[in-house]
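Mind docking these for me? Both chains are given alone in their own frames, and the hints should help you get the complex.
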Amino acid sequence: MLAGLIALAISITASGLVYYSWRRSGNAWAAAAGWLLAFGSAFAWVRALGAEFGVSYAIIIFTCLVWAAVALNVEATGAAGQSATRPLQAMHWPGARDWGRHGGLFLLSVPVAGVVALMLSVALVLPLPWSLLHKLTAAIFLYPVLWGALSAWICAQDKLARPALVCLGLAAVSALLLFI
Amino acid sequence: MNLLSQKLVKSSLTSHSWLGLALGGLMYLICLSGTLTIFYEEIERWEQPVAEESLAIDPMVAEASFNRYMSSSETTLTEHMYLVFPNATLPRMKVASDTQGRYVNRDGSLGEVAHDEVSELWTGLHVTLHLPDTLGFVLVSATGALLCALIISGFLAHPSIVKDAFKFRSGGAGRLGQMDLHNRLGVWGAPFHVMIAVTGAYYGLVALMIGLFASSIDGADPLFVTEAVFPAEPALVNQAPVYGVARALEKVWELSPDGKLLYLIVHDADSDNRFMEFYVQQPGLLAWSENYRFDTSGNYLGTAGYTEGEAALQALYSVYRIHFGHFGGFITKLFYVVLGLSLTVVSASGVNIWLEKRKYRDGLNLIWPGIVWGMPLAMGVASFTQAIFHIPSTAIFWGMMIVAMTGGLFVRNEYVYKRQLQVLTGITLVLLVLAYLFRFGADALTPAGWPVNLVLLCLAGLFFFMAYRAHRTDAYAMAGTAA
Chain A
40 MLAGLIALAI
50 SITASGLVYY
60 SWRRSGNAWA
70 AAAGWLLAFG
80 SAFAWVRALG
90 AEFGVSYAII
100 IFTCLVWAAV
110 ALNVEATGAA
120 GQSATRPLQA
130 MHWPGARDWG
140 RHGGLFLLSV
150 PVAGVVALML
160 SVALVLPLPW
170 SLLHKLTAAI
180 FLYPVLWGAL
190 SAWICAQDKL
200 ARPALVCLGL
210 AAVSALLLFI
Chain B
98 MNLLSQKLVK
108 SSLTSHSWLG
118 LALGGLMYLI
128 CLSGTLTIFY
138 EEIERWEQPV
148 AEESLAIDPM
158 VAEASFNRYM
168 SSSETTLTEH
178 MYLVFPNATL
188 PRMKVASDTQ
198 GRYVNRDGSL
208 GEVAHDEVSE
218 LWTGLHVTLH
228 LPDTLGFVLV
238 SATGALLCAL
248 IISGFLAHPS
258 IVKDAFKFRS
268 GGAGRLGQMD
278 LHNRLGVWGA
288 PFHVMIAVTG
298 AYYGLVALMI
308 GLFASSIDGA
318 DPLFVTEAVF
328 PAEPALVNQA
338 PVYGVARALE
348 KVWELSPDGK
358 LLYLIVHDAD
368 SDNRFMEFYV
378 QQPGLLAWSE
388 NYRFDTSGNY
398 LGTAGYTEGE
408 AALQALYSVY
418 RIHFGHFGGF
428 ITKLFYVVLG
438 LSLTVVSASG
448 VNIWLEKRKY
458 RDGLNLIWPG
468 IVWGMPLAMG
478 VASFTQAIFH
488 IPSTAIFWGM
498 MIVAMTGGLF
508 VRNEYVYKRQ
518 LQVLTGITLV
528 LLVLAYLFRF
538 GADALTPAGW
548 PVNLVLLCLA
558 GLFFFMAYRA
568 HRTDAYAMAG
578 TAA
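Taken in sequence, the protein lines are chains A and B.
Each residue of the first sequence is one higher than the one before, starting from 40 at the first, in the numbering used here.
Each residue of the second sequence is one higher than the one before, starting from 98 at the first, in the numbering used here.
If we strip away everything but chain B, and leave its shape as in the complex, we get (with noise of 0.2 angstroms):
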């Protein structure tokens, strides 16, 4: 019984072609770098491997090491400043302000000027697209609520759902295959994908929602419907810039003894007004954190209330965790790759299908390997010049996607360029590899280097395995340039 008339299913096949091929290449981008993104973390200790860890806080010595930043003469004071807590996947303690920071070494000095610009170039990269925030934050949140189009289009333009559930065969890049894999992944995938998509539109999108609240309930406006979001900040005067932090922690400990010490934030930074908050992961729970607040003293102020107010709250501040996978340790991050690379192969898979069903083959054929096999090629570039060379690298990795996508143009046969694409990304992950050796000498085999070092060679040679096995299976070689 077919419960979806052909009417139907030919109107949203229709639908769910448009809407992927106008969102496919963005998808793509958006998903691989939020792939990337669940190991935020891990790339920027490996970015600065020399950096002293350690696990342990010391409230005297994080106090000291927090006002010697804080009075320095080298320190710009922003809005808000920062001392981030050491963790198992972070061990070292870092003091910031919203532009630049230092990790603090063991016996509390300031170290190393911290470097975490690959680590935001990729989140960069997922969350505004490198664009202006605002502008970034809405396109990529509205491709969050577009993703849910094409889950709806893509149900209802499926009507052998059931029949095919299990089945994949595997054509390397041929129709049947890419349709398979399409579907598959899509299909079983969609619980997933539907979270991400709705809480990934959340973040650009909960400021027009509460634009639009506060101007239709009479007499509102947007500070008194924030607030029911956010609870207000505490209203202080006269505060000292001088950080009574050792006393707060001890607060923090005695309030949450197992919760997990992220970060204090110390809010209007550059004003009398300042005050210090700590964010406190909760055990068991994904809500991002529980904050209490002190004020410069160390005078506890209350909590925010985020994990113990109503459940709505709890689930508007579990949003982050939920996107992200941060959270039941690395084994779900793990998970969230392998979730969130499925979502990248839908993307591309989808836009295979279109491009393998027409009977000719044009310049979008050419084009579209320079995204798809360009994008990790660009990304490996531009990380390479970032953490090597501190190079800011946004730039140079646009302009490798660009010249990536148009490269195929001069190639003229897209199999062969993709096989080209995957052999010179494996060369530069080799590369990244070994300048990283060159320029951290020993310390790039400590636990901060060589995890990811690891990963990148592994990398290199699943790129050189996918470029050889193509070489040897694909028939498509023998396209030629036709033209």
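Chain A with its partners taken away, still in its complex shape (with noise of 0.2 angstroms):
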């Protein structure tokens, strides 16, 4: 129990010294207290909870806190920004070339995104000097995060050649690696 308090009261004096920091514009000592103590955090909550629980409720604390502190810098500006009396029109369709666009963007960024990436991350861990298991669950974590960073960057590109031959030959290294 008072483990547990101690910890809280170390989150509690992080992410007010987090804002302090912001609301002094930038008070650098404030911030790296804060950032170190929200870190340090973490020890005192696993020495509450134990390892496992202590680490996760020293981010879903600090989160909390800082959405609170957020919370209480609220400026009301009423309305503001958004327009009332925008017209109300016919809906848009986009023409045959949008499609295709649209279309060939959804392609490379989430289905062949996630095939790569599939590739790309066993062929990553395959030759890690593991066991079967510890590479298997290296690649499960680490294959959503790939999708996600590849599909972000397709999705940033002007043209779709591009990103289709950085797929192409990434899938092809991966292929390589996995069955050659």
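Bear in mind the hints are in silico, worked out from the structure with no lab data behind them.
No experiment lies behind these values; they were computed from the predicted model shown.
Where is the CB? At the ideal position from N, CA and C, for every residue including glycine.
Warning: the hint list may mix true and false statements.
Restraint-style ranges between C-beta atoms, simulated for each label pair [stated by the list, open to error]:
#1 B:Arg-569 - A:Arg-62: 55 to 61 angstroms
#2 A:Leu-167 - B:Asn-370: 34 to 40 angstroms
#3 B:Pro-544 - A:Ala-42: 28 to 34 angstroms
#4 A:Gly-139 - B:Phe-535: 30 to 36 angstroms
#5 B:Val-500 - A:Pro-166: 52 to 58 angstroms
#6 B:Asn-370 - A:Leu-199: 51 to 57 angstroms
#7 B:Leu-531 - A:Arg-62: 45 to 51 angstroms
#8 B:Leu-554 - A:Val-113: 26 to 32 angstroms
Partial chain B-side listing against chain A, Cβ under 8 angstroms, derived [claimed, not checked]:
#9 Gly-241
#10 Glu-407
#11 Ser-415
#12 Phe-562
Have a look at this one:
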């Protein structure tokens, strides 16, 4: 109980310092101390609740406390920024060219990126000197992050040719590593 | 100093917008239903307040009732058969097959047919979007992976992340307010959102991963790789279909005196290879359970090793509890509601920003409130028909969603339509509580019934309040039907 209260106090201080540093236009000492305490609070939470629950709580509590600080900082600005009188018009349906572009982007960023990331994540972990279980676990957690990163990059491109070529290249290299 | 080049910020914003628009609706459905799913046990208890409740587990009573259920002519044996033990959230014992179940009375006799369809309705929506299992799992998991894409592109598209760290201009539904809400919730919630994305992606993608590993390792087959993650089951023969539950239970309590007994599964119950597996949650660990295995006579065979094995195995078995917040008791669930709702709001506000940014309004402005505010209404209506009349309500939910999405096209003013949906949701929730009181009488006021009813009434009040406040303060009502 006491250990939990100490951990909570550290999290509150950490979020308070981070908020204070922001209010003081980037007070570096307060910011550094706040972030240090935020990471340090994980140890206190681990001591209070054990390693697994403790790390989870350190993240959750800090996030909620920071949101509370954001809520404290609310500025009422009315409904600024939106236009109440914008005209209502008929739906604009994209032409064939737009459909093609969006369809291609979807194919590349979702299924193609998914397959490429799957191959790449397995290809990256297979050569590691770990047990099969560890390789599999690493690949399982790496896969969605790689897929996400690849999708984000593909969607940021102006033209589809470059991401298509990169996907093809990554798939080819991964296939070489996996199957040859 | 700005670490991100303007070009990178611009292209990241393009990426974030495109992905957000493509996924916003789907993400919203998954996040809102996921937030509700945190309370699936409470909902299941609420669905049937008439079941007898007790936290006590008498091994002999448990054995007698389980064997009675297993040998009953009314029971259809399936591959897995279950004996679910009572816990503080759901203090009732249940015997079940893969498709149906009965609650167990305190004296061990078989009680009411167990109804958990409302709970299943919302977990099903979250886990598979009510699609066929494989397709649904993969689709929802892919959304988890693409949430990673949104988080990455969101950070890269946000050059003033430090400068705006605590800025929040509340402007009703105005663009600035929506932007600040979206960015503050998204940025500070990112560690939790990444955790949800990665753990959410696990379920549908693990099978693909195992398949690719198997085909990439010389001489390996999928079973070989599977058994690296899911320890092999004991190979038994000639197991009688009479279960020594009491003897096994005593052994489980001896082996894990502080563990929380979850349930017993009889695997291969429809064959002579059947065996019993007790799932027991271990204190202080996030792994779902340690599993104690027995033959049907109650002879101990060993553990599956989920909490005693390598750290990687434990990490994999922790995914479920991390994703759904089922650790640390009720307080953790409340935190997960806040965090889950934050992701829901981020999903909705992202699309709101895009709609507000446009110089014109069109059908999309009218359809979107039907998704955001139509979903609680559709959930309320489907819960009503399922809980009160036991009508299978998946189609009712999706039908209501279609009606809600198209309704705005007739109202032609999204702000008015949003308020109408809020009021209708409030009314639906009040009617649900009234019908529940009428149907279950005094049982509706037991600990099984009143907490959820109270929450439903509070939610109804919240929807009425939001509609009232919007009516009073929104200048949007002036938008009219300016077509």
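Taking the hints in turn, this is what the structure says about them:
| no. | hint | in the structure |
| --- | --- | --- |
| 1 | B:Arg-569 - A:Arg-62: 55 to 61 angstroms | 32 angstroms, violated |
| 2 | A:Leu-167 - B:Asn-370: 34 to 40 angstroms | 37 angstroms, holds |
| 3 | B:Pro-544 - A:Ala-42: 28 to 34 angstroms | 31 angstroms, holds |
| 4 | A:Gly-139 - B:Phe-535: 30 to 36 angstroms | 56 angstroms, violated |
| 5 | B:Val-500 - A:Pro-166: 52 to 58 angstroms | 55 angstroms, holds |
| 6 | B:Asn-370 - A:Leu-199: 51 to 57 angstroms | 53 angstroms, holds |
| 7 | B:Leu-531 - A:Arg-62: 45 to 51 angstroms | 49 angstroms, holds |
| 8 | B:Leu-554 - A:Val-113: 26 to 32 angstroms | 28 angstroms, holds |
| 9 | Gly-241 | 6 angstroms, holds |
| 10 | Glu-407 | 6 angstroms, holds |
| 11 | Ser-415 | 7 angstroms, holds |
| 12 | Phe-562 | 18 angstroms, violated |
Hints 1, 4 and 12 from the earlier list are contradicted by this structure; the remaining hints agree with it.
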